[in-house]
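Q: Let the hints inform the model, and build the full structure from the sequences given.
Residues per chain, in single letters:
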Amino acid sequence: MKISGALVELGNVFQFQWSPDASRLAFSAVKEIRARATLYVVSADGGEEAVRVSGSQVMAPNENGPLFAWSPDSTHVAFRSDRQIDSPPLPNPIYIPDTLFVAPADGNVEPINVSGESGNVGPLNGLRIARDSAFWPPSRAIALFSLARPNSM
Amino acid sequence: MAFRADKDTNEVFELYVVPASGGAPPVKVSGDLVEGGDIDDFAWSPDGTRLAFSADKDVASTRELYVTPADGSAAP
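Sequence order for the protein chains is A and B. Once you know that position 32 of the first sequence is 32 in the working numbering, the rest is easy, because the numbers rise by one and skip nothing. Once you know that position 70 of the second sequence is 70 in the working numbering, the rest is easy, because the numbers rise by one and skip nothing.
The set of hints was computed from the structure by calculation and includes no laboratory data. Wrong hints could be hidden among the right ones.
Said to hold, decoys possible - Here are the simulated DSS-like cross-link-like pairs (lysine-lysine), alpha carbons at most 25 Å apart as the crow flies:
(1) K28(B) with K7(B)
(2) K7(B) with K2(A)
(3) K28(B) with K2(A)
A: See the structure below:
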């Protein structure tokens with residue numbers, strides 16, 4: 001069963017991850033807008049359209065590691081972004097610092113910047129959501145993420 | 001366990017499931033592929049009942065996302 005739905009011309013699915021409760025998958029894809037990789041969540045049973053959860057953000061590339069992570073309770077996803085969807089196309093995009101965002105998995109609100117406005121968030125290798133995440137509103141979310149090397153977990 | 005292999009057609013990588021203890025032949029669970037298609041990546045569901053995989057299965061050079069029962073009981 002194909003669950004990624006229709007893709008824009010030259011679109012592709014890049015990475016995907018099961019939710020911990022096995023009910024849904026998150027996947028990054030160029031799905032709606034050419035040359036813009038965004039993040040989606042879809043039911044593993046199909047029958048529902050994938051919902052974009054990255055809002056107005058574009059996924060930052062990380063070819064050697066994960067682009068996003070689920071919360072342990074399968075309610076939220078975290079991802080790294082380096083620009084907005086309305087950034088000019090290559091070769092003249094307007095980048096923002098690599099920023100960590102958190103979004104509800106049902107995509108009903110714009111993702112929240114949890115890493116702040118300054119500095120760059122490193123690749124998400126080893127990203128773990130530190131504990132179960134009854135963590136909305138987002139003012140509490142930043143405390144629930146940790147960036148650590150995988151072998152230190 | 002699941003694995004990718006060009007088991008049935010040279011240079012066409014498909015997805016198979018086989019008991020880790022052996023004793024049964026691998027079951028192809030990726031279904032038919034478009035000419036030039038391949039399985040790109042796969043992951044078990046946390047409950048071990050299904051596999052998600054990305055593949056250019058329906059359109060050559062376009063990776064899409066699929067879910068299939070791990071026992072091959074239904075086409076993806």
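Q: With reference to the structure, classify each hint as holding or not holding.
A: Right, here's what the structure says about each hint:
1. A threshold of 25 Å between alpha carbons decides the hint, and for K28(B) with K7(B) the separation of about 9 Å falls inside it, so the pair holds.
2. Taken as a hint, the K7(B) and K2(A) pair is honoured in the structure, with Cα atoms around 23 Å apart against an allowance of 25 Å.
3. Distance hint between K28(B) and K2(A) is fulfilled; the C-alpha atoms sit about 17 Å from each other, no more than 25 Å.
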